[in-house]
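Whole structure, please, built from the sequences with the hints as guidance.
The residues making up each chain are set out below.
There are 2 protein chains.
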Amino acid sequence: MFPANDLEAAFDRVTDYWSPKVVGKVNDQLLKVAKLKGELVWHAHDSEDELFYIVKGELRMEFEDSVTVLRQGAFLTVPKGVRHNPVADEECWVLLIEPASTLHTGAEVTDRTRSLEEQLS
Amino acid sequence: MFPANDLEAAFDRVTDYWSPKVVGKVNDQLLKVAKLKGELVWHAHDSEDELFYIVKGELRMEFEDSVTVLRQGAFLTVPKGVRHNPVADEECWVLLIEPASTLHTGAEVTDRTRSLEEQLS
Chain A
13 MFPANDLEAA FDRVTDYWSP KVVGKVNDQL LKVAKLKGEL VWHAHDSEDE
63 LFYIVKGELR MEFEDSVTVL RQGAFLTVPK GVRHNPVADE ECWVLLIEPA
113 STLHTGAEVT DRTRSLEEQL S
Chain B
13 MFPANDLEAA FDRVTDYWSP KVVGKVNDQL LKVAKLKGEL VWHAHDSEDE
63 LFYIVKGELR MEFEDSVTVL RQGAFLTVPK GVRHNPVADE ECWVLLIEPA
113 STLHTGAEVT DRTRSLEEQL S
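Chains A and B, in that order, are what the protein sequence lines are. Residues in the first sequence are numbered consecutively from 13, following the working numbering. Residues in the second sequence are numbered consecutively from 13, following the working numbering.
Hints were generated in silico from the structure; no laboratory data involved. No false leads were mixed into what you were given.
Copies of the same chain look alike in the list, so a pair counts if it works inside one copy or between any two.
Only pairs whose alpha carbons sit at most 20 Å apart, straight line, appear in this in silico EDC-like list of lysine to aspartate or glutamate:
1. K37 to E130
2. K37 to E60
3. K68 to E51
4. K68 to E20
5. K92 to E60
Printed below as a string of structure tokens:
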């Protein structure tokens, strides 16, 4: 009736880089896991904060005026409206927390952009 | 400008069992860390889901008709309105995600109940 998930095991569902999968929900926020390698695309989410928690590896979050390096165990909230570009030199596993309304790559659309439906599959 | 936190290091602020400290925020949800030992009190949050993620140790979540054992790395959302009682036989470190409106022990008030102000201090 109240299934629990193991965070690391939840990454078994992830087969492609930059393709988040929804693994949980708390109130109106979705928990998603993703494996990252390389860089995504510069984008912003106009109305949604986005939290990154590094489960494995290291992520470099580029902002327009600064860079924040996130190591395993670190978490960071990218505030709504702030342009950012996540870059992983090596494979990195992240937990994301964001509302269902969040567009994967904001207003940018690339061949890496994943719909919510794809993230739920 | 965009400070990151280390999840384990965030527990340095916690000095008492069952006394959560706010360590982050994403949209309208607060991230809190707490060290648990023993049991809290049976309670429910009428309007708020509450997510538990086990950073260290093991937590037994008692429900009225079942029990879920959460080991390190597990996460579980307790849906709004569901009565629950968290029990830790040994010290357990948890990350909680819940809205600022969430009362620590729901409608129950005990000497362990902590206000949001205390959780922010």
